[in-house]
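**Q** One letter stands for each residue in the lines below.
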Amino acid sequence: MSNLPGSDLLNGDRDVVMSCRVRLARNVAGFPFVGRATHPQRREVLETVRAAAGPDEASVGLAGGRVGADAAERLAWIDLTSLPKRDRQLLWERHLVSKQFAEGDSPRAVAVSPDERFSLMVNEEDHVRIQVLRSGNALRNAFDAAMRVDAALGGRLDFAFHPRWGYLTACPTNVGCGIRIGVMVHLRALRVTNEIEKVKRAAKELHLAVRGFHGEGSDATGDWFQISNQRTLGVTEAGLLEEFAGRIVPAVVAYEREARRVLMERQRTLLEDRVFRGISLLRSARLLGLDEAMKQLSSVRLGACVGLLPGVSVDTLTRLTIQLQSAHLRAADPAIETEEEEKAARARTARTALGEWP
Amino acid sequence: MAAPFRPCDHCPKPAVVHNTVIVNGQMTEVHLCEDHAQAAGIQMPGQAPIHQLLGQLAQVGAARPRGPSCPECGHSFHDFKTSGLLGCAACYEAFASTVAPVIERAHGGATEHVGSAPTRADNARQRAALLQQLLRELEQAVSAEQYERAAQLRDKIKDLRPTAAAGGPEAAQ
Ligand SMILES: [Zn+2]
Ligand SMILES: [Zn+2]
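The listed protein sequences correspond, in order, to chains B and F.
First residue of the first sequence: 1, per this note's numbering; consecutive thereafter.
First residue of the second sequence: 1, per this note's numbering; consecutive thereafter.
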């Protein structure tokens with residue numbers, strides 16, 4: 001078993017689950033919601049939340065305690081209003097902030113922990129959005145961390161709360177627990193076997209939202225899906241976690257694995273063809289557009305997960321899905337100006353990571 | 001028309017009517033575009049004496065050309081309908097009759113929060129209000145012989161009592 005390529009991937013379901021996250025929406029009592037607040041009021045909310053959050057991971061309720069971590073635990077506060085466009089996009093590509101948040105110009109900021117597993121958006125649609133990210137499937141761990149942050153901040157801020165509706169949010173459909181539990185899954189085999197629509201229908205019946213790689217309207221990067229809960233009222237936080245982490249995610253993971261097994265058994269040549277074309281392309285291309293890169297990465301990732309590519313690390317491929325995004329390439333090489341230079345840099349980054357050929 | 005651009009309170013069009021009115025004992029600035037001013041039954045400046053204008057503006061809510069407004073933040077029903085967002089916590093009461101069914105539909109018919117409550121220990125006022133509300137609901141549930149619901153309410157009330165709160169998972173300072 002242990003020399004089966006990719007068997008350690010089952011740890012955290014990393015063969016299917018790229019990352020998971022728990023997000024909480026909160027508003028500070030006594031202020032209008034963000035959309036209604038004046039810029040001075042938004043500034044005030046920003047300062048209030050920032051003061052309540054304090055300087056580091058410990059002050060937001062996260063234990064810190066990583067080996068060798070001391071001063072590095074400080075939170076980085078990034079003021080979006082004074083941030084260049086490329087850097088905003090960078091935050092969005094890393095899934096640290098939403099697109100809507102990255103693009104706005106009114107007073108807003110995000111606090112990010114050094115390991116980027118925690119972020120705190122201030123003045124998105126709601127005053128406070130607590131987000132905890134983990135790689136692979138570590139939902140329970142992410143959930144616990146989010147709850148600790150909620151307790152720490154809620155101990156210093158009055159969150160808007162209603163006896164009947166629970167936590168109040170700008171959008172009335174987010175009330176109740178104000179929680180979003182989600183996973184980013186790679187469902188390549190279910191796409192190939194044409195079963196993805198079934199998954200989407202089932203998800204809809206279970207009141208789940210299914211979105212693309214970067215949230216709404218990002219179907220270009222087609223094999224990655226974000227699945228998250230939509231119901232937040234009439235259920236407890238723990239109940240939602242149990243349903244999501246205990247039933248839904250295991251079911252999706254098992255379904256994709258089964259599709260992969262079937263592909264290997266019945267359509268191995270077709271599968272190998274796509275995987276080997278993909279890896280050849282990523283190792284040899286000189287100009288690589290984003291859509292093509294994501295498409296080939298998806299095939300290669302599937303190949304690596306089913307053991308067709310012994311030398312290729314799935315974690316490397318997971319990292320590449322972020323590193324090949326535009327703002328990341330441009331941040332790594334500020335000299336990039338034209339589209340063609342970006343494509344060249346994307347191809348170079350892929351070749352370097354996967355072993356250049358010839 | 002050299003005044004700095006100021007959008008209408010109800011839409012992004014430029015406001016042409018600017019006034020300070022008193023609504024529910026509070027001084028409030030009102031800025032309306034031509035359409036919304038007319039919808040509110042307001043004649044354009046110059047066409048009506050100022051006192052009349054003030055009187056009509058104060059009745060904007062009552063006349064309900066665009067539905068009621070939130071007394072706390074001024075968010076109108078029109079704002080809610082066009083953006084899908086509410087303006088402040090008080091909007092949940094101001095637009096209760098519309099918002100409640102929207103929420104219930106979005107949450108598969110659920111009618112109330114059963115998850116955690118804010119942790120802030122010194123927020124006695126909020127806890128007290130919540131307790132009052134729950135006790136009232138308990139009374140109603142008992143008199144309506146809804147025993148399952150009464151049991152749920154008792155659990156929530158128990159969770160709210162100081163001893164339970166102090167020992168809860170929120171004890172982090
Ligand atoms: Zn208007
Ligand atoms: Zn309001």
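There could be a bad hint or two in this list.
As the list claims (entries may be wrong) - Per the computed footprint, the stretches of chain B lying under chain F, defined by three or more beta-carbons under 8 Å from a beta-carbon of chain F, are:
(1) 110-119
(2) 172-184
(3) 199-211
(4) 336-349
Claimed, not checked - Sample of chain B residues with no beta-carbon within 12 Å of chain F, all distances over it, derived:
(5) Arg-26
(6) Trp-92
(7) Leu-168
(8) Gly-239
(9) Leu-263
(10) Ser-284
(11) Ala-353
None of these hints come from the bench; they were simulated from the model.
The beta carbon of each residue, even a glycine, is placed where N, CA and C say it ideally should be.
**Q** Please go over all the hints and tell whether each is borne out by the structure.
**A** Hints and how they fare:
1. Counting residues of the region 110-119 of chain B whose CB lies closer than 8 Å to any CB of chain F gives 0, so the stated coverage by that chain is violated, three being the minimum.
2. For a cut-off of 8 Å, the count of residues in the region 172-184 of chain B with a CB near a CB of chain F stands at 6, and the three-residue condition holds.
3. For the region 199-211 of chain B, the assignment as covered by chain F is violated, since 1 residues bring a beta-carbon within under 8 Å of that chain's beta-carbons and 3 are needed.
4. Here the region 336-349 of chain B counts 0 residues with a CB under 8 Å from a CB of chain F, which misses the bar of 3, and the coverage is violated.
5. Distance check on Arg-26(B): its Cβ comes as close as 9 Å (rounded) to a Cβ of chain F, failing to clear the 12 Å threshold; non-interface status is violated.
6. Once the 12 Å rule is applied to beta carbons, Trp-92(B) is consistent with being away from chain F; the minimum gap is 21 Å.
7. Under the 12 Å C-beta cut-off, the non-interface status given to Leu-168(B) relative to chain F is violated; the minimum distance is some 5 Å.
8. At roughly 8 Å, the least C-beta separation between Gly-239(B) and chain F is not larger than 12 Å, which violates its mark as non-interface.
9. For Leu-263(B), the non-interface assignment is confirmed: its Cβ lies about 35 Å from the closest Cβ of chain F, beyond the 12 Å cut-off.
10. The Cβ of Ser-284(B) lies farther than 12 Å from every Cβ of chain F, with a closest approach of about 48 Å, so its non-interface assignment holds.
11. With a minimum CB-CB distance of about 41 Å to chain F, Ala-353(B) clears the 12 Å threshold, and the non-interface call stands.
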